[in-house]
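Enquirer: In case you want the letters, here they are:
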Amino acid sequence: MPITTLAGHQIHVDAEGFLTDPAEWDEDLARVLAEQIGLTLTDEHWTAIRFLRADFATQGETATLRRISTVGGIPIKQLFALFPQKPAKKIAYVAGLPKPHGCV
Amino acid sequence: MKKRLLVLGAGTAGTMIVNKLRRRLDAGTWDITVVDRDDVHPYQPGYLFLPFGTYSPQQVTRARHKFLPDHVDFVIGEVDVIDPAASTVTLVDGRALAYDYLVIASGTSPRPDQTPGMLGTEWRRSIFDFFTLDGSLALAEALKHFDHGRLVVHIADMPIKCPVAPLEFTFLADAWLRKHGLRDRVELVYVTPLPGAFTKPIASERLGSMLDDRKIVVEPDFLVERIDPEAKTLVSYDEREIPFDLLVTIPINMGADFVARSGLGDELNYVAVDKHTLLSKVWPNIFAVGDASDIPASKAGSVAHFAVDIFVDNFLEHIAGKPMTGSFDGHANCFIESGDGKGLLIDFNYDTEPLPGSYPVPYVGPMRLLKETRGNHLGKLAFRWIYWNILLPGRRMPVPTLMSMAGKTVPTTTSSTD
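If you read the sequences in order, they're chains A and B. If you read the first sequence in our numbering, its first letter stands for residue 1, the second for the next number, and so on. If you read the second sequence in our numbering, its first letter stands for residue 105, the second for the next number, and so on.
Since the hints were derived computationally from the structure, they do not count as laboratory data. Note that the coordinates shown come from a computational prediction; the quantities given were computed from them, not determined experimentally. Backbone N, C-alpha and C define an ideal beta-carbon position, used for all residues, glycine too. Where hints are given, some of them may not hold.
Quick partial rundown of chain A residues pointing at chain B, CB under 8 angstroms, derived from the structure [what the hints assert, rightly or not]:
| # | residue |
| --- | --- |
| 1 | R50 |
| 2 | R53 |
| 3 | A54 |
| 4 | T58 |
| 5 | R67 |
| 6 | V71 |
| 7 | I74 |
| 8 | Q85 |
| 9 | H101 |
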């Protein structure tokens with residue numbers, strides 16, 4: 001696993017830049033990761049990111065869009081507006097979590 | 105007092121389990137009961153061929169009870185609710201079934217009601233599914249009259265039962281249209297919520313180039329919000345629109361509603377289990393096997409088959425109060441029909457994506473992995489006989505339960521498509 005340095009954070013990432021150790025993440029780093037994909041985080045972004053972190057902590061898996069919507073209460077439509085084109089992947093990237101299972 | 109094993113669902117997983125466990129659990133001390141809502145066991149892989157007239161409905165259904173062994177009680181009824189604290193299952197007609205151990209094997213089903221507009225005026229007129237017997241038969245009728253326009257094959261969301269089936273349908277439709285001299289008059293479009301043709305990079309690249317070769321347009325990253333039946337258009341959450349003349353859709357798949365009513369399901373009604381033992385994360389006397397569980401593997405009969413092999417030995421250890429020593433690896437293998445009497449085969453698990461090579465015997469085969477051959481197609485056709493005669497009765501299959509790397513080749517450069 002490559003180690004990279006982003007704005008003073010030393011992090012382990014996979015080939016696509018996803019953090020491989022969720023413990024290396026903090027909210028500072030989230031802002032830096034968001035910049036990498038052209039996003040400026042608003043409160044609405046943070047609601048989704050915090051849900052994903054909390055859900056991962058209990059479930060051990062990155063939540064799908066459907067789960068963020070039904071369990072986290074954020075409509076899928078809004079997730080597409082906040083994290084355009086590939087919301088599931090982008091939220092996971094900013095939240096420092098593994099890419100959600102494409103579910104084989 | 106005798107112990108009671110209750111199995112909900114007499115499909116692929118449930119039928120194999122009662123066959124294997126009836127041979128291993130002493131009939132004097134263990135009662136085994138299996139519940140299903142009807143007595144019709146479908147050979148679901150056969151649904152793919154019905155729209156093209158390759159199989160008849162009689163070839164893809166049998167009576168469930170024909171595959172159940174002696175000394176297993178078969179109850180026909182609809183499950184209302186499981187009360188895990190009381191270890192009781194109640195049926196809709198009021199009957200109550202108590203258990204010491206419960207196996208939930210109630211599968212997953214297409215749910216066209218979950219996408220607004222799908223069940224509207226165009227359902228079974230220009231919108232079809234083929235994951236149900238009546239759906240694939242209705243589609244067969246529609247294809248007879250389809251001679252030009254946009255044929256759109258669409259996946260609503262993952263996970264779905266048999267994730268390669270929509271690709272196979274697309275390849276078979278392409279071949280069928282060519283055979284009937286219609287291919288030039290039909291635009292064939294493949295719409296998927298995934299970033300490419302398949303979930304795993306190497307297979308996705310291979311299958312993606314097969315779509316390109318056949319001039320099939322892929323619309324990736326498309327998550328449908330609704331269908332506009334008047335305009336005959338798929339509309340995504342990010343407001344992209346895809347028009348169709350004939351839509352073949354795979355609706356959202358969900359586990360049984362009784363799983364949700366019993367408080368055992370996730371957002372798609374799948375039972376949360378340990379992915380290696382299939383034991384409930386909450387209840388020490390409930391397992392979920394096959395499509396009904398939330399394991400991150402394909403929802404497919406082959407996964408059920410390999411998982412049951414591990415489950416049976418684990419179950420015997422578990423009831424004896426011993427730790428479970430078997431560990432399921434998410435092993436799956438699937439034939440992929442590619443049209444013109446050819447097919448591919450893929451073999452993979454939780455950690456290893458489908459790779460090229462040979463199967464089941466390294467270097468010998470006779471099947472080739474990730475490669476179009478006539479042998480793979482014949483294997484797929486032969487599998488129907490194997491399913492009824494070897495798999496369901498729980499006889500030993502001549503293939504390893506856990507995935508093996510022997511005979512597989514890892515390409516030196518792997519490109520990632522998702």
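Enquirer: Any hints this thing doesn't respect? Which numbers, in order?
Expert: 1, 2, 3, 4 and 7
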